[in-house]
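Engineer: In order, the protein sequences belong to chains A and B. At position 112 of the first sequence the residue is numbered 109 (the numbering used here), and the sequence of numbers has no breaks. Counting the second sequence from 1 gives a position; the numbering used here is that position plus 46.
None of these hints come from the bench; they were simulated from the model. Note that this is a predicted model, so its numbers are computed, not measured. Where is the CB? At the ideal position from N, CA and C, for every residue including glycine. Some hints here could point you the wrong way.
As the list claims (entries may be wrong) - Computed cross-link-like contacts, EDC-like style, restricted to lysine to aspartate or glutamate with a CA-CA straight-line distance of at most 16 Å:
1. B:Lys117 / B:Asp53
2. B:Lys603 / A:Glu85
3. B:Lys490 / B:Asp381
4. A:Lys35 / B:Asp66
5. B:Lys340 / B:Asp381
6. B:Lys325 / B:Asp362
7. B:Lys409 / B:Glu483
8. B:Lys776 / B:Asp748
9. A:Lys35 / B:Asp623
10. B:Lys497 / B:Glu483
11. B:Lys603 / A:Glu86
12. B:Lys141 / B:Asp66
What the hints assert, rightly or not - Residues of chain A clear of chain B, computed beta-carbon distances all greater than 10 Å:
13. Met14
14. Leu25
15. Arg63
16. Pro69
17. Ser74
18. Val80
19. Lys84
20. Asp93
Read off the chains here:
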Amino acid sequence: MNVQFFTGQASDLVTFMLGAQTFGVPVLQVQDVLNNQKIARIPLAPAQVCGSINLRGRIATTINVRRCLNLPPKTGSASMFIVVENKEELYSLMVDKVGDVMSLSMTDFEPNPINLDPAWKAIAGGVFRLKDQLLVVLDVLRLLNLVHMQSGGVSSKA
Amino acid sequence: MDELLQDFLTETNENLAVLDNQLVTLEQNPNDPTLLSSIFRIVHTIKGTCGFLGLPRLESVAHASENVLGKFRDGLVPVNAGAVSLILESLDAIKRILAILEQTEREPDGDDVDLIMRLNALAEGETVAPATPAPAAPDPEPEAPTVEFEPEPEPEPEPESGSEPKPEPPARVEEDAQAEEAVSSEAAKPDPMTIGGAADTKESAVAHQSIRVNVDLLENLMTTISELVLTRNQLLQILRTQGESAFTAPLQRLNQITSELQDGVMKTRMQPIGNAWAKLPRVVRDLSVELGKKMDLQMRGAETELDRQVLELVKDPLTHMVRNSADHGIEMPADRVRAGKNETGVITLNAFHEGGHIIIEIKDDGKGLPVEKIKSKAVASGMASALQLASMSEQQIQQFIFRPGFSTASEVTSVSGRGVGMDVVKTNIEKIGGTIELFSQEGKGSCFTIKIPLTLAIVSALIVECAGERFAIPQISVLELVRTTATSEQRIEEINTTPVLRLRNRLLPLAFLRRILDLDEPEKKQESAYIVVTHMGTSVFGLVVDKVYDTEEIVVKPVTSLLRHIDLYSGNTILGDGSVIMILDPSGIAARVGEIQGAAKEDKAQQKKAGGRDDAATFMLFRAGDGSPKAVPLSLISRLEDVDMTKVEHSSGQRVIQYRGRLMPLLPINDNFPIPDEGNMPVLVFSDQGRCMGLIVQEILDIVEDRLHVDLHGTSPDGSILGSAIIAGKATDVIDAGYYLTQAFSDWFSVRDNAANFQQPATRRVLLVDDSAFFRNLLAPLLSVAGYDVTAVESGAQALDLCTSGILFDVIVSDLEMPGMNGFEFAAKAQASEKWANTPMIALTSHSTPKDIERSHEAGFADHVAKFDRDRLLATLAQVMSRKNMRKSA
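Just chain A, same shape as in the assembly (with noise of 0.2 Å):
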């Protein structure tokens, strides 16, 4: 699948929950990890986008991740933001908890299982087998192309 982002032997990669899934960002990507936001909502918005957010004076577009995994709204504390800029536009991707950083070797990444959900293939970037769990990559740029595809047209709320 797709590793382009993965050059030489070991890849870093900001970590972060959704449930007890843990998944990581390639931190190359990401600008910023912010705590709970006030989210301004949008009317007539697509369901993946939950508002936007003040981000020092920028306007970040907030995309809810579990809405894009078909994961069940979460319930219970707040939720962390990860920042990501593309085409001069910035997301911040809401997420239940931002982990550590990890420096992960590339010998334990392996492309999507065959057998995954189709909208969690859509938008993984593959699969690091960690010790005691696994790891799905994010990739967030075909995320964001399946939001703007999803979206694009559909005028109310979907």
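Once you've looked at the hints, dock chain B against the given chain A.
Structural biologist: Relative to the frame of chain A, chain B by itself:
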């Protein structure tokens, strides 16, 4: 300016700057092959591009230089001071041509034969005396006749429009700085003999005052300043809640400095609007030649500055409108003289600042907009009915030119008349948050007024709240704010769930922001609401919101690409308190409002189709005396007139007025209101078969489309009122036009007896077949008042279509004389059909001879009624129905 040319100029100017340096280096280091080929390549590029863009003069100079450089490169001609000077001289010539080109978008006339000859001579291997021109200041003598710049044939703009040198050209974006250079150098040195050298010195002087700055850099600077403004706003917001604070003084200073900085950066982006006008004199000149008209273009306020982004966007609309004025507005010289005007038409462009906006007027003293022509065009293209037009003011009619596909030019010319134009102009202006207004007087001329914001980056916006969310509405499209409460005079009314507001005798369509944005908060019955009266071009609507805050200067940020498909937002912004809000796009909302209304109409049309009845009719609502509105089917009214009461005469106890060469009786609709002897009163004119009568009413309220649903019958003792119905959500008296017709002309219908009570159990379905719309409209309400459910069609064929589609009626009333299929044929066919075989039929005819009656019986009509005898008709209908019922029960 043409984008291609613009790019070429920028690129070539940069290349020339490089060349200057490289040539000097070459002179010191004549045998550097890399340097030589680099120089050769640049000149070659210039030559190639010139050829591509069709600039022969530049191309020939570049070509000759290239030849020489080619020889240098191949070692055929030695590089020496004289040769390099000559190349430099040719580069100077190129630069001067470029300067003119940039200013006028044309190469100057004349040629450079002498220079080219010397270049060619050099290429042929002839030595050039080292004494010839020094690099920086070429000898004026041989050059003067060759690079003489003849004055442009086009009329110079007005003196104030910028031909005088600017005393202090400010630093600005590159293209502007150079244009100014050219202007000042040309104006400063009118003597062509000295132009070469003088321009050079002037150039350096200007170069010291202005620097070239990349546009991107300025854009970045602007964005950064925008952030600074936001941060400042945030700080001030915090400060407001703090009360006494040590930060107060420094923050005030920061506030001030930020504002200054913002103004300063804004100024760097500003360009005089004259830049957008530069090619208009030429356009007008060409058009005057092409069309054989005499025209003069006057430009005022060319130095008025506006943001270059806005400037780019208004350039094309402006050009289009000036072309329109020249083509449609200004008459032929002979016509002008005949109209008592000066032979030469004047088109005036005027720009000035007004309260944060720039106003541009495009005025001509031509023939103005032809109202009659627009009317007939509007009718022909189905944009409005003649009746709608009858009640419109001239100004409203003129607005039709902004509709898509509207052109009054009878022929398509190369200039205009293709039906694309003013609507595009309007859309483009509105796209940048501007408005366009039109004032025209036939025979006197037209004036278009464009109002646009100075800049797109920072706009003033009204902050509103709806369902707990805040939104910004650009101030330019806000007309006024109205607050309504349940008890106030202004309250929201509904026409079949469509909300409207009465605002100064006009109905304002309303849109609930809550519904448009699908905000899911439960819709609580509100005591009060705020209505933001918004206009988008000529369409005005009210946006209902919960709360209105302040107006704020906001920095517009583009909407994320994920939301571009939602046309309701034009951007988003960060408020002083740091929260992100969406900026509403009035044009998107206007479209949405129209869509909702359009959809409702469509629904209705489909209902009509499906049911075969439930006719929605259009009513004219008016007021006369007492409070309740009165209605009459619009289709009965042939015209609305505003009658000057002093012109009313009396004849045999009746008010009459001379109307279109005949006497028209005027009747007051009732005696409940005084009829003045002077002043104007609205009059509804009814006409049929060449006879007219007028009904004087007090005030015309509106035209509405609604279903006629008469609930109370015959409430007036004299029979002037058919009954009361709910129209536009209000109890409304439906006027019996027939009553007044008989009052005016006792023989209009047969004399009317005292009204009998024809009340019938409801849902008797009657099919009315009559080719005359007048009678259909007259009889349908009459029958529906009498409790029948009426379907009216205009021909036998249409009626038979209904038969085929299986719709059943209790009784059919048909005219006998109809074009196409007459009543006898129709009856025969209907009786022959399976479905309608047992439906009783009643014939209507204008003249009832015994022979007719016999014939109609033969055709299958159960009865026969004279057309004007409405009471007979009702009695007969009742009879027929009861016969039918009896048969049924038997």
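Engineer: List in ascending order the numbers of the hints, as given earlier, that are violated by the structure.
Structural biologist: Structure breaks hints 1, 4 and 19.
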